[in-house]
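Chains as they are written, first to last, in our numbering: chain P, 1 to 104; chain B, 1 to 104; chain E, 1 to 104; chain S, 1 to 318; chain Z, 1 to 318; chain D, 1 to 318.
27 angstroms max Cα-Cα, derived DSSO-like pairs, lysine-lysine: (1) P:Lys-3 x E:Lys-103; (2) B:Lys-24 x B:Lys-103; (3) B:Lys-24 x E:Lys-103; (4) P:Lys-32 x P:Lys-3; (5) P:Lys-78 x B:Lys-103.
Some chain Z residues near chain D, calculated using beta-carbon distances under 8 angstroms: (6) Leu-10; (7) Leu-14; (8) Leu-17; (9) Ala-30; (10) Ile-31.
Hints in this document: simulated from the structure, not taken from any laboratory. Just so it is clear, CB atoms sit at the ideal spot from N, CA and C, and this is done for glycine as well.
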Amino acid sequence: MAKTFSRKRIEVLVDMPLLSRIEKIAEVAGVKHFTILPTRGGGGTEGRWFDDRITGGAGTKVIFSAVTSEESADSMIKVLEPLLDEYGIVVYRSDVEVIRSGKF
Amino acid sequence: MAKTFSRKRIEVLVDMPLLSRIEKIAEVAGVKHFTILPTRGGGGTEGRWFDDRITGGAGTKVIFSAVTSEESADSMIKVLEPLLDEYGIVVYRSDVEVIRSGKF
Amino acid sequence: MAKTFSRKRIEVLVDMPLLSRIEKIAEVAGVKHFTILPTRGGGGTEGRWFDDRITGGAGTKVIFSAVTSEESADSMIKVLEPLLDEYGIVVYRSDVEVIRSGKF
Amino acid sequence: METFTSPVILFFVLGALAAFLRSDLTIPEAIAKGMSLYLMAAIGLKGGVQVAEAGFSTELIAAAIAGLILSCAIPVVMFFTLTGFGRLDATNAAAVAAHYGSVSVVTFVTGTEVLTQMAMPSAGYMVAVLALMETPAIIVGLVLASRFGIHRANQDRTELLRETLLNGSVVLLTGAFVIGLIAGKEGFEPIAPVFEAGFRGILCLFLRDMCRIAARRLREARSLTGRLVFLAILFPVANGLIGVALGALIGLDVGSAAALGILAASASYIAVPAAMRLALPQADSGLYLTLSLAVTFPFNVIAGIPIYAWFAATIVTG
Amino acid sequence: METFTSPVILFFVLGALAAFLRSDLTIPEAIAKGMSLYLMAAIGLKGGVQVAEAGFSTELIAAAIAGLILSCAIPVVMFFTLTGFGRLDATNAAAVAAHYGSVSVVTFVTGTEVLTQMAMPSAGYMVAVLALMETPAIIVGLVLASRFGIHRANQDRTELLRETLLNGSVVLLTGAFVIGLIAGKEGFEPIAPVFEAGFRGILCLFLRDMCRIAARRLREARSLTGRLVFLAILFPVANGLIGVALGALIGLDVGSAAALGILAASASYIAVPAAMRLALPQADSGLYLTLSLAVTFPFNVIAGIPIYAWFAATIVTG
Amino acid sequence: METFTSPVILFFVLGALAAFLRSDLTIPEAIAKGMSLYLMAAIGLKGGVQVAEAGFSTELIAAAIAGLILSCAIPVVMFFTLTGFGRLDATNAAAVAAHYGSVSVVTFVTGTEVLTQMAMPSAGYMVAVLALMETPAIIVGLVLASRFGIHRANQDRTELLRETLLNGSVVLLTGAFVIGLIAGKEGFEPIAPVFEAGFRGILCLFLRDMCRIAARRLREARSLTGRLVFLAILFPVANGLIGVALGALIGLDVGSAAALGILAASASYIAVPAAMRLALPQADSGLYLTLSLAVTFPFNVIAGIPIYAWFAATIVTG
Ligand SMILES: Nc1ncnc2c1ncn2[C@@H]1O[C@H](COP(=O)(O)O)[C@@H](O)[C@H]1O
Ligand SMILES: Nc1ncnc2c1ncn2[C@@H]1O[C@H](COP(=O)(O)O)[C@@H](O)[C@H]1O
Ligand SMILES: Nc1ncnc2c1ncn2[C@@H]1O[C@H](COP(=O)(O)O)[C@@H](O)[C@H]1O
Ligand code: NA
Ligand code: NA
Ligand code: NA
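Chain P with its partners taken away, still in its complex shape:
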């Protein structure tokens, strides 16, 4: 078996205009590396939505995704928790294995 190190992947589904806020929170929490993923739509308590760019991104959601240490993921979650409702974000994290411990 390949030697791997365990890390956390944290994902935040967020409205486009609020992405820069999430990036700042991540930086403060020590999450320096991240990737932004697009979405095409979804459904929830507020009904079905689609990625319509008519509104110039105000109605579009993206996923902020970062593989990071448990501590950084923890401190990021702590900052995000009080903002969950206000920002309308969805946050979850999962276990991943990485090849090298240094980079994450």
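Please build the complex by placing chains B, E, S, Z and D with the ligands on the supplied structure of chain P, with the hints as guidance.
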């Protein structure tokens, strides 16, 4: 460590025209919140494919992704299982942690 | 609980021009099924980047994502490890459950 | 009457039909956004070239001041109506009010097309008024929210101000206007084919899609009440008529007075939603987008524009 | 001959070349889809304007009936040939057959361009025939599948019917046609630049890309057999010649008879695949898309259209 | 002077402004890519049609040979300057050098627009020279890297060669040129509206966006040193002047000599980065893209092109 609750993330890779079917199955299984992710291509037993919109979506796949309770994920999987071949879908699920238990 | 089999999901974040290399490595490692996901940007040691297609894809990253057996994931990781720096790729894997053991 | 056989409006109706029938042929988002950029660059340029031709005038300045006054006064009146009759909380009321103080580029463009067809074209400087009216309402809305609603002290104000004032659509519109001013008619000629010829055709396709999205949004809307829908139709009419009257008062020609009414009546669905999502994240984005995009926008295109045009034709004495 | 030096066809060949050389410059999907929408809106409008000019005629009705008959008869004949000679199971045969009973918008558009260049333009009402022929074959295909193949009782029929009849391309095509009818020549003029001038250029770029995708699909195809490829070339020729003959029989002019042949010969790759994926998910989508998009489509553009045009010129007596 | 009131250049400046103000209105990537394809198809066609008109000439062959020599010699000289004065390692120096030996389509197109406006248009065959100059520098760069830098024996050479020679932009440019040659002026006419009229307008929008991306890249750049930025401005000037001189020497007309200078001065940001990422993955892609796209490209558009044009006007005796 931040207090979190464990949930399941279920992902279904499905052809665009069949997405509405998956959404209906999810709703019946109690999965009320989901997000749709785009893909750009892939490869499998049927060869390499690309997201060509010439065919108006008939040849495009998207990922139905939902974080939900183990029970809902279970009942969704049970409905999907007999349809795997017919619909040509790929289904898998994984463990995730969420911050609040209520929403999922 | 639905009967499932455990597999590995391996994800490789890679620059568009190098994707074909990753596909070849995957094939040799026995990973025959994969899906390509788009990204919209990110940030790391080299600064913030965006998916600008001006450069015809040279500056765009995609995610190679495959659900596969532990052995295949392992052998893929072994081939990728020495290439991590040179290719500037990010690799991680996680546990997933699949419904049928045959297909993966 | 003629308005209704114009392909521009017919395509809009087709979009509405397609949406209510849940027909699925959508314009890809990238194309929609590209067309939106194109429309802004094109009207900016056209307006600038026209002003370069006609020269600056007192009407220009009067129209600009009138526009600014409207975009500050409208949100205040709306805010109190929304919290009172509309039963909205202060934060949501402020967010919605800001949308109606600002303007919609596509409504304006459709309006100028209709006015031109009715042989009462608006002056080129109205594009400058359009650009001026985009942002002040955002600031008024935020002031209202912080005074009567949730006050967030730890707001990053400079970030917000930059986002608001340097909003992409404002920069593009103003930039294209200035380019049109500098380049003038001769400079514009070589690039005219793209910016002039394509204009109405693109507008057709765009309206078809806007309407489809508006209808879909309406179908999926949840937090809408009858009172709010009523206000989202009443306000454009009131604002529109007041705008036309103000235009007539300050001596604008009939087309420009009608255009000022259209600007007053229209509600933003690009610049303001983005700013509100950032500055007032706790406000319900589904609500303000639905009111602005799915109620007021189609109302203005179908019924509002002819009303304001007719009113202008009635009160402005040639 | 001239056909082959036309830029429209040359760009198609360039696309084929680029694809077989595995050159990678692809049109982004959003643009491709946008161009496809544009082509449909443009031909719909043009056809409607032409009918508004020429008025309704008995030929229009005759052509419509002939088109409907063709789109119902073709799938039945094909179904039995595919299950027999083609060795396909009933479900796959039904799915493939439905594609050939329906039509391809881009083949039609390329065909009308070629016909115009050959000085035998087709009548404006052929666009209406095109719209009419899009969907009936889907229903015929599904009836065949449920009679001879897997019968799925728990099908959601209303959903399927809506998807099929209100398919986006049908709605856009029909809608644009009706708009053209209502607006007429004068209404069309202001929007003509986008819809007329751009036409052939866009078609060039689009064909380049279609061909690239077709060739890629062919390279990656797995379930293709020689017999199926043979049928995917034989059927367009047979259908095309029958279509032309039928057109001549009912008294269409030479261009319209050729256009009817082109419609009969062409196979759908937008509306039908989407409907089949939904209604017959167990059918192999790789198979029907490859036959329609990668075999029949290029065959028609390169060889089929000239053949049908020549046949029409031969049998229709001026 | 006139250059600076041209809308083409003004839109570029608007893009720069928007980017430095961090305004966010970006052209969607799909549209940007579509416009890039459009520009290549359009100049290819135009060039081909012009050569079809004028016929092949000795100047064409002389210009082609001069272009090839420049694209092979420039990377060699740059490589040693970059490893010496620039303090880069051999691999990065080779990657950067290859970019400057190759060419930028948008710089060329902007240049020909400016030259046409200055009444010194370049000959149609310069498009062929552009296509010829795209790839040789890649091979030179790789030879330099394997001789002086990391030598990777297990490289998949055929894959790389195919990627390089059949690079999409080369195929499209060459293909469109050949189509223009075959179709000639009459064949081009029906498709001209899209490819000619739209040209400058699209260029405006594209430049606006290019500049925005360049400025963003510059803001985010990390591995840039003063010495490298200096070289990224010095080299275009030197290469451009040498290119013009060579053009004058071999007897090109004033416009074509200026165009050869522009080609020599410009640096690739599409074909070469993709090839380098594949062939020299260990080279820093942030570095070469920033130098080429964010330093040299804007320098050439704003200052370089007028300089080379002026130099050509000075030394070429009519
Ligand atoms: N559990 C979940 N899994 C996946 N996506 C979710 C989930 N909850 C919310 N979302 C996404 O977030 C959006 C807003 O959620 P809500 O606030 O519940 O309407 C939804 O439309 C979904 O796209
Ligand atoms: N194990 C897997 N991991 C990721 N993607 C998969 C997997 N299996 C199938 N796919 C995707 O599903 C498509 C169809 O799979 P198949 O039916 O095996 O051809 C493939 O082209 C892949 O894009
Ligand atoms: N731990 C991580 N999680 C998510 N994305 C990452 C991570 N590390 C790197 N990336 C992505 O890979 C890109 C290059 O990483 P770097 O080499 O650190 O600059 C970054 O811009 C991110 O988009
Ligand atoms: Na307003
Ligand atoms: Na047919
Ligand atoms: Na060069």
